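> Given next are the chains, with one letter for each unit.
Protein chains: 2
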Amino acid sequence: MAELSERSGVPAPTIRFYLRERLVPQGLLTSPNQAVYDESHVRRLRLVRALLDIGGLTVEAARGVIAAIEAKSGNDFAVLGQVQYGLTPRSRDTGHDAAAEADVDAIIDRQGWRVRDDNPARASLAQAVTTLRAIGRPELLDAIDDYARAADSLARREVDDVLAIDDAEAQAEAVIAGVVLGDALLSALRRLAEESALADRIRP
Amino acid sequence: MAELSERSGVPAPTIRFYLRERLVPQGLLTSPNQAVYDESHVRRLRLVRALLDIGGLTVEAARGVIAAIEAKSGNDFAVLGQVQYGLTPRSRDTGHDAAAEADVDAIIDRQGWRVRDDNPARASLAQAVTTLRAIGRPELLDAIDDYARAADSLARREVDDVLAIDDAEAQAEAVIAGVVLGDALLSALRRLAEESALADRIRP
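Protein chains in written order, with this note's numbering: chain A, -14 to 189; chain B, -14 to 189.
Rather than coming from a laboratory, the hints here were simulated on the basis of the structure. Model, not experiment: these values are computed from the prediction. There may be inaccurate statements among the hints.
Just so you have them, the derived chain A footprint on chain B, three or more residues with Cβ under 8 Å [to be verified]:
1. 10 to 16
2. 42 to 50
3. 163 to 171
Beta-carbon label-pair distances, calculated as ranges [said to hold, decoys possible]:
4. B/ARG99 with A/PRO10: 28 to 38 Å
5. B/GLY121 with A/GLU55: 11 to 21 Å
6. B/ALA83 with A/GLU86: 41 to 51 Å
7. B/ALA52 with A/ASP82: 30 to 40 Å
8. B/ASP131 with A/PHE2: 29 to 39 Å
9. A/GLU45 with B/PRO(-2): 21 to 31 Å
10. B/ALA84 with A/PHE2: 25 to 35 Å
11. B/ARG188 with A/ASN18: 47 to 57 Å
12. A/ASP145 with B/MET(-14): 48 to 58 Å
13. A/ASP145 with B/SER25: 24 to 34 Å
14. B/GLY121 with A/GLY12: 13 to 23 Å
15. B/THR15 with A/PHE2: 50 to 60 Å
Far from chain A, by Cβ distances over 10 Å, these chain B residues were calculated [to be verified]:
16. ALA(-13)
17. SER(-10)
18. PRO(-2)
19. GLN19
20. ALA83
21. SER109
22. ALA119
23. TYR132
24. ALA133
25. GLU179
Beta carbons are placed, not taken as given, at the ideal position from N, Cα and C, and that holds for glycine.
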């Protein structure tokens, strides 16, 4: 356990919590208080930590994602989709109106995107659009095609990176990392860029 | 209260909760059980709801943002920055290493960004970079300049929109909407774009 903690960089109490919550498989017991862990445990530990701490997923949502990875068979589009769908949206669903759904359809059409009707991101997007209107900030709505184009170009690169990976488990993990860490990266980068753009405009 | 609920689209029990938590100012009491609310209450209600439900902020963090808006005086760069800094990062801070800090400095340098040392997004970005390395997904790190360029172009447009607004309170609200709802928009759009890019690659 001490060695596993050192190799993964995850504290031992945290590892015990993950084991208890079945987020990480048990090691092979070699004596009553000694277990053997291998490289797969190290990788899983890091992934679980990323899901919970960076992605902000609940333990239950993380367990769903892990289950999807373990149930996978080969390079399967459906599985990669399931993994992506399993990542909970980052906001509570407070509902959206039919006009926002039409907006979402129009955005998807304009980008020429092929997206299933049950992609949960449709509802997330419709909710954000509804709120933009409700709080009277429709100017962000004018910018939405800029956002969509940026998302499209980042997504194409991400998918190329994912498909370049051989191992199916590693592919699923890359999808998770791309979705979850990509959100964290973009969120932080936008905050930095916003401060800089404001500084440029106000004190050139 | 019934009229306020109808005009703002926020249910009465939720409004009472916001009033109790001092997120929305009390109305002017005209009788023991009758209060007058005006347009500023309606706008504040919608903003608070966006902060909590879309932004995922805690009540305490939302109160900090509201306090920054109320303390503002005129079109002030420092205040807009404070509002932006007050928006909690979306991930728990699990620490980052010195190498990641150097990466962040290098990214900021390459973009030519002017960012204060105490911008909390530096730590958020360093944390995401640390995790990318830890989980063995450095290929996302190669893409980080693409992410930074996308963030930069979106931020410039956002700042132009914010500075086009006359009223200082409305400006602060626009910063919040841009940061918080921009995250939600990009997150949802990336998920849609990822599914489409995957579909294009696997089943053209």
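> All the hints need checking, so say for each whether the structure fits it.
Evaluation of the provided hints:
Taking a C-beta to C-beta cut-off of 8 Å, the segment 10 to 16 of chain B contributes 0 residues in contact with chain A, too few for the three needed, and the coverage statement is violated. Residues of the segment 42 to 50 of chain B with a Cβ under 8 Å from some Cβ of chain A number 0, which does not satisfy the need for three, so the listed coverage is violated. For a cut-off of 8 Å, the count of residues in the segment 163 to 171 of chain B with a CB near a CB of chain A stands at 8, and the three-residue condition holds. Judged by the Cβ atoms, the range 28 to 38 Å given for B/ARG99 and A/PRO10 is violated: they are separated by roughly 48 Å.
For the pair B/GLY121 and A/GLU55, the supplied restraint of 11 to 21 Å holds, since their beta-carbon distance comes to about 19 Å. In this structure, B/ALA83 and A/GLU86 meet the distance hint of 41 to 51 Å, their C-beta atoms being roughly 47 Å apart. Distance hint check for B/ALA52 and A/ASP82: the Cβ-Cβ separation is about 31 Å, which falls inside the suggested range of 30 to 40 Å. Between B/ASP131 and A/PHE2 the beta carbon distance is about 36 Å. The supplied range of 29 to 39 Å therefore holds.
Checked against the given bound of 21 to 31 Å, the beta carbons of A/GLU45 and B/PRO(-2), roughly 27 Å apart, stay inside it. Range check, B/ALA84 to A/PHE2: Cβ separation about 27 Å, and the 25 to 35 Å hint holds. A hinted range of 47 to 57 Å holds for the C-beta pair B/ARG188 and A/ASN18, which are about 51 Å apart. At about 55 Å, the beta-carbon gap between A/ASP145 and B/MET(-14) stays in the expected band of 48 to 58 Å.
In this structure the hint that A/ASP145 and B/SER25 lie 24 to 34 Å apart at CB is violated, the actual value being about 49 Å. Between B/GLY121 and A/GLY12, the C-beta spacing of about 20 Å keeps the proposed range 13 to 23 Å intact. Taken as a hint, the range 50 to 60 Å holds for the pair B/THR15 and A/PHE2, whose Cβ atoms sit roughly 54 Å apart. Listed as outside the interface, B/ALA(-13) is consistent with that label: its C-beta sits roughly 19 Å from the nearest C-beta of chain A, beyond the 10 Å cut-off.
Residue-level check passed: B/SER(-10) sits 13 Å from the nearest beta carbon of chain A, beyond 10 Å. With a cut of 10 Å on Cβ distances, B/PRO(-2) stays outside the contact zone with chain A, its closest approach being about 14 Å. Distance to chain A confirms B/GLN19 as a non-interface residue, since its nearest Cβ pair spans about 26 Å, more than 10 Å. No Cβ of chain A comes within 10 Å of the Cβ of B/ALA83; the nearest lies about 15 Å off, and the non-interface call holds.
The Cβ of B/SER109 does not lie farther than 10 Å from every Cβ of chain A; its closest approach is about 4 Å, which violates its non-interface assignment. The claim that B/ALA119 lies off the interface is violated: its Cβ sits roughly 5 Å from the closest Cβ of chain A, which falls inside the 10 Å cut-off. Consistency note on B/TYR132: stated as away from chain A, yet its beta-carbon is not over 10 Å from all of that chain's, at 5 Å minimum. Listed as outside the interface, B/ALA133 is inconsistent with that label: its C-beta sits roughly 5 Å from the nearest C-beta of chain A, within the 10 Å cut-off.
Against the 10 Å criterion, B/GLU179 falls within the reach of chain A, whose nearest CB is about 4 Å from its own CB.
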